[in-house]
Amino acid sequence: MKQFLSINDVPDPSGLVQEALALKADPFAFSHLGKHKTLGLVFLNPSLRTRMSTQRAAQNLGMDVMVLNMDKDGWQLEFEDGAIMNGSSQEHIKEAAAVISQYCDVIGIRTFPSLQNREEDYIEKILGSFVKYATVPVLSLESATLHPLQSLADWLTIEEHKKREVPKVVLSWAPHPRALPQAVPNSFVQWLKAAPVELVITHPEGYELSNEFTVGVPVEYDQNKALVGADFVYAKNWSSYNDYGKILSTDSSWMITEKKMALTNQGAFMHCLPVRRNVIVADQVLDGPNSLVIQQAENRTYAAQAVLKRLLEK
Amino acid sequence: MKQFLSINDVPDPSGLVQEALALKADPFAFSHLGKHKTLGLVFLNPSLRTRMSTQRAAQNLGMDVMVLNMDKDGWQLEFEDGAIMNGSSQEHIKEAAAVISQYCDVIGIRTFPSLQNREEDYIEKILGSFVKYATVPVLSLESATLHPLQSLADWLTIEEHKKREVPKVVLSWAPHPRALPQAVPNSFVQWLKAAPVELVITHPEGYELSNEFTVGVPVEYDQNKALVGADFVYAKNWSSYNDYGKILSTDSSWMITEKKMALTNQGAFMHCLPVRRNVIVADQVLDGPNSLVIQQAENRTYAAQAVLKRLLEK
Amino acid sequence: MKQFLSINDVPDPSGLVQEALALKADPFAFSHLGKHKTLGLVFLNPSLRTRMSTQRAAQNLGMDVMVLNMDKDGWQLEFEDGAIMNGSSQEHIKEAAAVISQYCDVIGIRTFPSLQNREEDYIEKILGSFVKYATVPVLSLESATLHPLQSLADWLTIEEHKKREVPKVVLSWAPHPRALPQAVPNSFVQWLKAAPVELVITHPEGYELSNEFTVGVPVEYDQNKALVGADFVYAKNWSSYNDYGKILSTDSSWMITEKKMALTNQGAFMHCLPVRRNVIVADQVLDGPNSLVIQQAENRTYAAQAVLKRLLEK
Chain A
61 MKQFLSINDV PDPSGLVQEA LALKADPFAF SHLGKHKTLG LVFLNPSLRT RMSTQRAAQN
121 LGMDVMVLNM DKDGWQLEFE DGAIMNGSSQ EHIKEAAAVI SQYCDVIGIR TFPSLQNREE
181 DYIEKILGSF VKYATVPVLS LESATLHPLQ SLADWLTIEE HKKREVPKVV LSWAPHPRAL
241 PQAVPNSFVQ WLKAAPVELV ITHPEGYELS NEFTVGVPVE YDQNKALVGA DFVYAKNWSS
301 YNDYGKILST DSSWMITEKK MALTNQGAFM HCLPVRRNVI VADQVLDGPN SLVIQQAENR
361 TYAAQAVLKR LLEK
Chain B
61 MKQFLSINDV PDPSGLVQEA LALKADPFAF SHLGKHKTLG LVFLNPSLRT RMSTQRAAQN
121 LGMDVMVLNM DKDGWQLEFE DGAIMNGSSQ EHIKEAAAVI SQYCDVIGIR TFPSLQNREE
181 DYIEKILGSF VKYATVPVLS LESATLHPLQ SLADWLTIEE HKKREVPKVV LSWAPHPRAL
241 PQAVPNSFVQ WLKAAPVELV ITHPEGYELS NEFTVGVPVE YDQNKALVGA DFVYAKNWSS
301 YNDYGKILST DSSWMITEKK MALTNQGAFM HCLPVRRNVI VADQVLDGPN SLVIQQAENR
361 TYAAQAVLKR LLEK
Chain C
61 MKQFLSINDV PDPSGLVQEA LALKADPFAF SHLGKHKTLG LVFLNPSLRT RMSTQRAAQN
121 LGMDVMVLNM DKDGWQLEFE DGAIMNGSSQ EHIKEAAAVI SQYCDVIGIR TFPSLQNREE
181 DYIEKILGSF VKYATVPVLS LESATLHPLQ SLADWLTIEE HKKREVPKVV LSWAPHPRAL
241 PQAVPNSFVQ WLKAAPVELV ITHPEGYELS NEFTVGVPVE YDQNKALVGA DFVYAKNWSS
301 YNDYGKILST DSSWMITEKK MALTNQGAFM HCLPVRRNVI VADQVLDGPN SLVIQQAENR
361 TYAAQAVLKR LLEK
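Chains as they are written, first to last, in the working numbering: chain A, 61 to 374; chain B, 61 to 374; chain C, 61 to 374.
Simulated from the structure, these hints should not be mistaken for laboratory data.
Any given hint could be a false lead.
No distinction is drawn between identical chains; accordingly, a pair holds when it is met within one copy or between any pair of copies.
[As the list claims (entries may be wrong)] Each computed DSBU-like pair below joins lysine-lysine, with the alpha-carbon atoms no more than 35 Å apart: (1) 192 <-> 222; (2) 62 <-> 253; (3) 62 <-> 228; (4) 223 <-> 97; (5) 62 <-> 84.
Values in this document were obtained by computation on a predicted structure and should not be read as measured data.
Here chain A stands alone, though its shape is the one from the complex:
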């Protein structure tokens, strides 16, 4: 693997899941692989889980880690070709990406969508520029439209907890007070389509995800119908793709409650965290025995470790 920006960089997603499970069973088996190798983590946006899990993953492989909080350091980057830089931007992405590549063997980068300009967000303008000018492998720590490390960890969690060969997995929209990216649901659909599961999406009308990801996946607008027989309920808020970046609904009847979970096949509850309690999901569900959110967070480490291992082995 020469980069990790989406599932498209992974020739064998199932194989990668198995590799992550093997690393979970023996986290220090490859602790010499990363010797004298440095992972640079570049954050253009805040992060807790991704920051810590990726750092731990790198350390398990014996890598050194350097963290660069470009958002906090007020380092403003220029992304336009030909720009006359006499304004507030201090450095062009061309130099920034090439320079960081001098100090790191692998670079992880987190970017966010504008939620204003759909075209720029969906061509992954910022991540794409970074990849274009970096000279070492780049690892997405979440981009404008995808969050592949999260999806890999989610698949891992489903693999560990499934009770039948082909479980039913329901991705359900849930309300949230702020406009959020579509990265997690896009990426979840992209990965889980490749997994041995029956995938169903449910959301209010107007919240259709980009067809690029959902083609072939059934959408059920009636959440209750969608939940029937589900083995896994993956809740997540996202803002509208069609009416780009907008909040079309805050309908609390979409919150995942015990009553909703009673429709499922004793289904497990999943969420990528951070989660708004009693907005996305009721306390009873999140604190109940079928909640897998902490296991998902734990699996972030082994997802990142499997990916880093492959990038180091390339």
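Could you slot chains B and C onto chain A? The hints should help.
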């Protein structure tokens, strides 16, 4: 030891002091103990000495360290049970503490008091929630009401520099322009009561510390009287406990000067730092040969190292 | 070497250049030299290249690294002797430098000029206070008036790319929208005067650097004349030294363009980065085959590594 929140977690405070002194004599004797172990340092408030000394202590033991500045990253936590999180809080302490526990073998956390709500501060609401939901040992890097790593380092310093079996130690209030926590004096009293010293507290009326800590320790309202014959003078400002969080006095006659020190038994001057020069203490005292403030700072490393060693050995 | 604040701390600058080149050829040859040693990086101002390259250099030598962002943490230092600290300063440099020295074996520090008070800037008041009170070797990560790690990396880059024994090197002022320090040009002149090169400085009138550095180096006010026959063109903006800290010109005819470079001896283009594209230098030059800016950035690692090696060996 399964946690370190106060002296109450330490069955043998004197033994821990001896262990710290042994580590100071041979800092890398246990440099394999922390192999493949990660210390997470979570700061809800800024820190210089604690941040660096604890990091150094962990590295001396061979641990990896991850630092999370939650205060700077604008990650707002919810602490109320049952909260409907549709406001500014992004994540509940239940998830945050459990998730961070997935990536760390030991977690150090720094919190601060509100100085508004005494009850919440003194039940250690924030630290307590963190400990409740964390699944790995927690180490206090200073909490709302206590600073046990500082007190252990202070005891260490007194042990190294005492000239008689049972030295007289005077904890003296001193003026300061801002309202400060009672954590350092509370904790100092709690630890030094267990040490082979004669402990006396002196402060203006109204500055009584919580009886929970001071019971059995003489309080002398006349600073000059208190200082007579002192072997160690530990200066510190704190805000009022009774009139909670208030500044009742900025009386500069309480500043520690050479004249004050002349009353002592050629006493040593101590302060946890940072210190306001010529407000808390006069330059002549701080720069004089009997000032131990830098030695106290140095001992922070070995205090933290002894505690981490025990947490790793548990 | 017991410190590294300027070329004056280096008995054999050419030897240090050769040592850096040797480390570049075999970066991990001394990976045990830094075992159990900690480098503290203290930033009073933001940094990308210096932060990452110095960290990488330390890790190549096997050192642990601790980073302290004093600018971000709002830790306000007092530098005046005898100050009554009842204002906003929380800690005196006397304690801060002595305390940080307890936790580190070498300290790197970045400070910036005020660009208001020339005398204070040019006596290096802040760095000087830090060095005075630190008890371990101090490494400048750029100070008010000098940037020696950058200059060493620049010399290294010229050494690697020169096509004749004594190349002509032109330091050229270029326009910029903000008032910048004189640290890079001062330091470049100070180092390159000691190198086997023909050094020429060109800038508009009023931009004369301090005579302390430029004595003996020809200044040519006609940029075109200066560039004739140049093997290396080092562009950099700085604010006025005489009319201290002021922007006297933003004349875009000083921008380095292909037309300007055509005057040179197929000269290479150099800049310390970050660089304002199409303000300091035209895209065509920066993106052209003779641009060495990324190589300069790469060489920052080996410059820092050579210096750290000497500080550890002292």
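Hint check against the structure, violated hint numbers in rising order: Per hint list: zero violations.
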